[in-house]
Amino acid sequence: MVLDPRLSIIDTRLAGIKRLIAISGGKGGIGKSLISSLLALTLSRQGYRVGLLDLDLSAPSTHVILGIEDVYPREEKGIVPPEVHGIAFMSIVYFAGDAPTPLRGTDISNALLELLAITQWGSLDFLIVDMPPGIGDASMDVIRWLRKAEFLVVTTASKVTLETVKKVIKMLKELNMPIIGVIENMKLKDSSVVNEALKAFGVPLLGAIEFDLKLEDSIGDANRLLESEMATCIKEIIAKNPGFNLEF
Amino acid sequence: MHEWSLAEAVIAAAIEESRKGGLGEVTEIKLRIGELQQLDIEIFRFALDELARSRDEGLLLKNLKVELEPEKAIFKCRVCGKEWDFADIGLTEEEYEAVHFAPEVAHAYIRCPSCKSPDFEVIQGRGVLIQSIKGKR
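Just so you know, the protein sequences line up as chains A and B, in that order.
The numbering used here numbers the first residue of the first sequence as 1 and each following residue consecutively.
The numbering used here numbers the first residue of the second sequence as 1 and each following residue consecutively.
Simulated from the structure, these hints should not be mistaken for laboratory data.
Being a predicted model, the structure only gives us computed values, none of them experimental.
Some hints could be false.
Output of the computed footprint for chain A on chain B, the stretches with three or more beta carbons under 8 angstroms from beta carbons of chain A [unchecked claim]: (1) 3-11; (2) 94-107; (3) 112-121; (4) 126-136.
All C-beta atoms in this analysis are idealised placements derived from N, C-alpha and C, irrespective of residue type, glycine included.
Using the sequences provided together with the hints, build the complete structure.
This is the structure in structure tokens:
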């Protein structure tokens, strides 16, 4: 018998979190990290206690989006994420820096498990989790270990993205994981293609975010990001959808 | 005090297993302690003792003995097959600390000493594993 004790402590580490929202999507580059970051920032500015956990271990990017540098977790019976822009922020980047960290499936699983087992989140209203892309080892691990996760799926109207996003939704449904809804990102024109694709699943389209040419100029600056059109869309999505209400 | 969180995991696992196995008392846990995680054994043991004593589980952990067996970290290159150990690696203090918190970031700092590939596996000695739990019904 060989047992990994870390599996037994994850639920305790997440016990003080009221809502755990995992931002998923089948493809890389469709805006999961931006939506995770802006969702965390917006909820934090609304007065909620918010954490952001970047679990895209191969390509972490929320620290770049939020301009987070020169901070490090504190050790206290585990590690306590530093608070940046009002958000308790945790990422592998504290430990790997900007060095390429080529991890195979078992290494990714081990690193995810370590972060989940040692991070002391304390009491939070929302923990936003920027999920790894796709439905590989990392996503399956997170789904298995984050038992209180509710999923928010990001897509674009591209047929290529939608094909994969449909698989993600099917898999989440098969596993009986709750799905708050879908956000269409980088919308270029009026089209019902996303709505049509979602009809078969009974999953709501929470809103659409238009492609914002100026957004890149705000990357790394939390205040400018909050003034972006994308942030306005996120605020509207939060306001309109009971899925983001703490009492939901 | 990162050791504390892993000690807490061991105690939680022991309680979970005792419930599954219908044990009224856990008397012994054997742990394998991987070198790569560089745990401070004194702090880890202290945390285990404190946690076992403070748990409100009746007599479950009252007489618990914990055996720690160190396990050397050994790496194996997936490209050229070279095996090497942790003692061969000269990391900076910051890199050691990073590996202590998240041993997988070794892949950011360590390369195969023979072919320089970052594609290696840790074939033993990564972290804390429970080898056995003994108790009484």
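Evaluated hints:
1. Look at the region 3-11 of chain B against chain A: 6 of its residues bring a Cβ nearer than 8 angstroms to a Cβ of that chain, three or more, so the hint holds.
2. Beta-carbon proximity to chain A at under 8 angstroms applies to 8 residues in the region 94-107 of chain B; the threshold of 3 is reached and the given coverage holds.
3. With a cut-off of 8 angstroms between beta carbons, the region 112-121 of chain B has 3 residues touching chain A; three or more are needed, and the interface restraint holds.
4. Counting residues of the region 126-136 of chain B whose CB lies closer than 8 angstroms to any CB of chain A gives 8, which reaches the minimum of 3, so the coverage claim holds.
Going through the hint list in order, the structure satisfies each hint without exception.
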